[in-house]
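Engineer: Model the full structure from these sequences, guided by the hints.
Under my numbering, think of the first position of the sequence shown as 307, with each following residue one higher.
Because the hints were derived from the structure by calculation, they are not lab data.
Every residue gets a Cβ at the ideal spot worked out from N, C-alpha and C, and that includes glycine.
Mixed in with the good hints there might be a few duds.
What the hints assert, rightly or not - Using 30 Å as the maximum straight-line C-alpha spacing, the simulated BS3-like pairs for lysine-lysine come out as follows: (1) K362 to K342; (2) K365 to K342; (3) K362 to K312; (4) K365 to K312; (5) K312 to K342; (6) K315 to K330; (7) K342 to K315; (8) K330 to K365; (9) K339 to K315; (10) K362 to K330; (11) K312 to K330; (12) K411 to K342; (13) K342 to K330; (14) K365 to K339; (15) K315 to K362; (16) K339 to K312; (17) K400 to K365; (18) K400 to K411.
To be verified - Here are the in silico distance ranges between beta carbons for each label pair: (19) S310 to L399: 48 to 58 Å; (20) S401 to H329: 49 to 59 Å; (21) N368 to S401: 48 to 58 Å.
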Amino acid sequence: MYLSVKHFKHYLEGRAFTIYANHKPLIFAFHQKIEKAAPRQARQLNYISQFSTDIKYIKGENNIVADTLSRLTEVSSIDYDQIADAQTEDEELKSLQTITSLNLKEYRLLSGNYLCCQLAKFGSTFHKLSENNLSPYSRHITSRN
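Structural biologist: Here is the structure:
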């Protein structure tokens with residue numbers, strides 16, 4: 307919120323506007339005693355309040371813009387269905403599937419095809435994709451062994 311107000315300050319100066327947030331603690335922060343806030347938080351709240359104190363809570367699922375902007379988008383040029391089709395005809399893969407130490411597993415795609423992957427590799431790929439959406443605290447917790 308602070309960075310948004312700072313970035314658009316030249317548009318916001320002298321105008322009445324409402325800030326909609328899907329984070330209830332931010333709304334509470336504007337009503338608490340300034341002494342309770344951390345120094346950086348106090349400075350940021352003070353800066354925002356110079357422009358507007360009209361901040362309203364809106365549920366995340368109802369805040370379409372914030373919900374859309376917070377989602378991780380992945381542009382994939384990989385055609386998993388094409389790979390799955392090729393795997394059905396691959397004799398070498400069929401022989402590898404008999405080796406249990408490889409930990410191969412078939413995953414059902416939305417199209418109904420099955421994609422054979424090594425379990426550890428497949429899981430870690432999707433885990434890495436979701437890491438960008440985690441907070442630093444969550445990343446720290448999930449990185450523990």
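Engineer: Now look at each hint and say whether the structure bears it out.
Structural biologist: Hints, verified against the model:
1. K362 to K342: Satisfied, since the Cα-Cα distance of roughly 21 Å is no more than 30 Å.
2. K365 to K342: With Cα atoms ~26 Å apart, K365 and K342 stay inside 30 Å; holds.
3. K362 to K312: Within the cut-off at roughly 19 Å; holds.
4. K365 to K312: Holds, because 24 Å separates the two Cα atoms, which is no more than 30 Å.
5. K312 to K342: The hint holds at about 23 Å.
6. K315 to K330: With Cα atoms ~23 Å apart, K315 and K330 stay inside 30 Å; holds.
7. K342 to K315: 26 Å, holds
8. K330 to K365: 9 Å, holds
9. K339 to K315: 25 Å, holds
10. K362 to K330: The given pair, whose Cα atoms are some 9 Å apart, holds under the 30 Å limit.
11. K312 to K330: 21 Å, holds
12. K411 to K342: The given pair, whose Cα atoms are some 53 Å apart, is violated under the 30 Å limit.
13. K342 to K330: 17 Å, holds
14. K365 to K339: Given that 30 Å is the threshold and the Cα spacing comes to 25 Å, the pair holds.
15. K315 to K362: Holds: K315 and K362 sit about 19 Å apart, inside 30 Å.
16. K339 to K312: 23 Å, holds
17. K400 to K365: 50 Å, violated
18. K400 to K411: Roughly 12 Å between the alpha carbons, so the hint for K400 and K411 holds.
19. S310 to L399: 48 to 58 Å: 50 Å, holds
20. S401 to H329: 49 to 59 Å: 54 Å, holds
21. N368 to S401: 48 to 58 Å: 53 Å, holds
Violated hints for the displayed structure, listed by number in ascending order: 12, 17.
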